[in-house]
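Student: Chains as they are written, first to last, in the UniProt record's numbering: chain A, 1 to 258; chain B, 1 to 469.
Cβ-Cβ distance ranges computed for the label pairs, FRET-style:
| id | chain 1 | residue 1 | chain 2 | residue 2 | range |
| --- | --- | --- | --- | --- | --- |
| 1 | B | Leu232 | A | Arg230 | 56 to 66 Å |
| 2 | A | Arg142 | B | Arg40 | 16 to 26 Å |
| 3 | B | Ala419 | A | Gln250 | 19 to 29 Å |
| 4 | B | Asp29 | A | Arg229 | 19 to 29 Å |
Hints were generated in silico from the structure; no laboratory data involved. Note that beta-carbon positions come from the ideal geometry of N, C-alpha and C, so glycine has one too.
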Amino acid sequence: MNVALFVPCYIDQFFPDVAIATLELLESQGVNVSFPENQTCCGQPMANTGCTADAAPVARKFVEIFSGYDAVVCPSGSCTSMIRNHYGDYFAADDERFLKLRDNTFELCEFLVDQLGVRQIEGRFPHRVSIHSSCHGLRELRLAGSSEQMIPRENKLRLLVESLDGVEIMPITRQDECCGFGGTFAVTERETSVAMGLDRVQDHVGSGSEVMIAGDMSCLMHMQGLIRRRDMPMRVMHVAEVLAGRALPQKKAVSAGY
Amino acid sequence: MSTALPIVDHPQAAKEFVTNVPRSHWHDDSLWFVRTKRDRQAQSLPEWEYLRESASAIKRHTIANLPDYLQEFEANATRMGAVVHWAADADEHNEIVLELLQKNHTQRIIKSKSMLTEECGLNEFLIENGIDVVDTDLGERIVQLRGETPSHIVLPAIHIKKEEVGETFHRHLGTRKGEADPQVLTEAARGHLRGKFLEGEVGITGVNFGIAETGGIVVCTNEGNADLGVSLPRIHIACMGIEKLIPRFENLGVFTRLLARSATGQPITSYTSHFHGPRDENSELHIVLVDNGRSRIRDSDTFRDALNCIRCGACMNTCPVYRRSGGHSYQATVPGPIGSVLGPTKDMKAHKSLPYACSLCGSCTDVCPVKIPLHHQLLAWRGVLVGKRLLAWNKRIGMKAASWLFRHPRLFFAAGYMARTALRYLPHSLTHNRLNEWAIDRELPEPPKQSFRAWYAKNRSEKQPEESR
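Build out the structure end to end from the sequences listed, making use of the hints.
Tutor: Next comes the structure, spelled out in C-alpha cells:
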C-alpha cells in the first residue's frame with residue numbers, strides 16, 4: 001500500500017518529532033510511506049473562521065497534492081475531519097478525485113486499527129498516563145464513544161496505548177470535555193479558552209497521571225503552554241510518540257521534541 | 001422592524017464572569033452536575049438514541065409541513081373553544097396580549113415561565129402600559145426582583161448564589177437578613193406568590209407542545225405554577241412559537257421523555273399539564289401563535305433544523321464555554337449554543353460575535369435531544385458573517401494572508417523557518433508581550449531546530465531542504 005503522510009502545518013513547523021514518530025510507526029507496520037513535499041495546510045484555520053473563499057483554494061491544492069495515493073494518513077483528528085467532513089463545501093458532489101481522497105484519508109489511530117487491523121503495538125511504556133480525547137477526533141470522526149451519546153464505540157487511541165507493556169491508564173473525571181484550544185478561539189476568547197484548558201490540566205494532574213496523551217497536538221500545544229507558564233506537574237505526548245517508543249520527556253510539559 | 005440592537009461583544013462580556021475563578025468554577029460545577037444527571041437518565045433508557053432520532057424526524061416532518069399542521073391545530077383548538085390569534089412578530093404578539101388584558105380591564109397578571117414572552121419583551125411592554133406582571137416560576141421571580149434577565153432558559157437564576165437570593169428576598173420579601181437556607185427562602189417565595197396567585201386576573205403561560213391533531217396544548221413545569229396560575233383566573237393566555245407544534249398526540253411521549261431528561265436529568269417534569277379548550281363556559285383560553293422570524297429560519301436549508309429546538313437547555317449545560325462565561329455573556333434571550341444560532345437570525349450584526357463564542361467541540365450536537373447540528377450551524381454562521389463582511393477586517397486580512405502563504409509552499413517554509421528562528425533567539429519578553437494574545441497566559445511552543453520537512457529532506461529524500469539552501 002502506497003500511503004501519503006499528511007503532516008499538519010503546525011506539527012511540521014513546531015513538533016517535527018510527532019511527524020517523525022508517525023512515519024516510523026507506520027513503517028514499523030510495513031507501510032510504504034511517502035511525504036509529498038509541497039504540502040502545507042488543509043485550510044482549516046480559514047474555514048473555521050468562516051473565510052471559506054480563502055479556504056477553497058487551499059483545499060483544491062491539497063487534493064491536487066494528495067491524489068493518487070492509496071491512502072492519506074494524518075496524526076490529527078481535527079485536520080482529518082476537515083478533509084472528511086468539511087471539504088464537501090469546496091468540491092462538486094460528483095468530483096471523483098475528491099471523493100476518492102476523502103474516503104481514503106485517515107487519522108493515525110483509525111488507520112492502524114481499522115485499515116491495518118492492528119490491535120497490539122510492541123513496546124513498553126511503564127508510566128501512569130491519562131488520555132485527552134480531542135473533540136474533532138471524538139465527535140466528528142467517532143474515534144471513540146462520546147459521553148453525550150449512548151452509542152458504544154471502540155476507543156481506538158486507548159486500545160493502542162493500552163496494548164503497550166507497563167502502561168497504566170488513569171481515569172479523569174470529565175472524560176471528553178474540550179480543552180478550549182479551538183483554533184482562533186484560543187486567541188479571540190482567550191479568558192474562556194485559558195479557563196477551559198486549566199480545568200482540563202487539573203483534571204489530569206488530579207488523576208495521578210504522569211503524562212497526558214492525545215491524538216491532536218493542537219490541544220496539547222495549548223495545554224502545554226498553560227502548564228509551562230505555571231510549572232504544573234504534567235507532561236504531554238502525542239499518541240504517535242508514545243506508540244513509536246519515545247521515552248517520557250525529561251522536562252515537564254515538553255513533548256519529546258527533536 | 002424594531003431598532004438595531006446593540007452589538008454583543010462576547011469575549012468582553014464574558015471577561016468578568018470567567019476571570020472570577022471561584023464563581024466561574026461554581027457555575028461550571030452546578031451545570032456539570034445537571035449534565036451528569038442527564039447522562040444517568042439517558043443511560044437508563046436503552047432506546048435513547050432511537051428517541052432522539054424519532055424526535056428529530058417528527059420535528060423535521062412537522063416543520064416541512066408547518067402551514068398544514070398550523071391550520072389543523074387552529075381548526076381543532078377553535079373547535080375545543082379556544083381562541084387562536086396569529087402574531088407575525090413580537091410587537092404584534094405584545095399588542096394582542098395587551099388588547100386582551102385591556103378588554104377585560106385587567107391590572108394583575110400572573111405568568112409562568114415562557115421564553116417566548118422573554119423573546120418578545122412582553123413584561124417590559126406590559127409594565128410600560130401600566131399592568132403589573134408577576135413571574136411565578138421561582139427562578140424567574142428571583143431574576144425579576146433583582147431587575148435582571150434569565151441567564152439560562154430552564155434555570156433562569158442559575159448564576160445567582162443562595163446568599164444573594166437571601167439578600168434579594170430580605171430586601172423585597174422581608175426575610176431575615178443573612179438567610180440563605182434554600183428551604184426557608186423557597187417557603188418565603190411561596191407565601192409571597194400565593195397572594196399574587198389569588199389576586200391574579202389573567203394567567204399567561206408559554207407552551208411546550210401544541211398538538212395539531214387535538215388542538216390541545218401542553219405545558220411542562222416543575223413547580224406547578226402554570227397550573228395554579230391558570231386554574232384560579234378566568235382567562236388563560238398561552239403564548240406559543242409556531243415551531244412548538246407536533247402532529248399527533250401519540251408523538252408527545254417521545255418528547256416528554258426526552259425533555260425532562262435532557263433538561264434537568266429528571267425522568268419526567270413534575271407537572272405535565274394538558275389544556276384542551278377553556279375549562280368551562282365562563283372561562284377563556286387564548287392561544288397566541290407567534291412567528292417572529294421563525295418562517296425566515298424555516299426558509300433556510302442551513303439553519304432550518306434549529307426549529308427542532310424544544311428549549312431543554314441541554315446544550316447550555318454541556319457547553320464548556322457557557323458553563324464558564326455565564327449566560328449573561330451572550331446578552332440574548334436564549335444564550336448558549338442554540339442562542340448563538342438563533343441570535344444572528346434576528347440581527348446578524350448585533351450577534352456577530354456569538355458564533356465565534358465556541359470552540360467547535362461538538363458536545364452540544366451530541367447532547368441535543370432533537371439532533372440539531374448545533375456546532376455545524378455555528379460554523380456555517382461564521383461563513384455567512386464573513387460573506388456579509390461582518391468579521392473584523394484584521395482577521396479577514398490575516399486569513400487572506402494565511403491562505404496565500406499556504407498556496408506558496410516555499411514562502412510558507414521560509415516563514416516557518418523565520419518564526420522558529422525568531423522564537424529561538426529573541427528575548428522571551430519580546431515574543432511573549434501583551435500584544436500576543438496567545439502568550440498572555442500561555443507559553444509558545446519551544447521552537448525545534450528544524451521542521452519535519454527539513455528533517456525528511458535530510459534523512460529520507462534526495463532533495464535538499466528549502467531552508468538550508
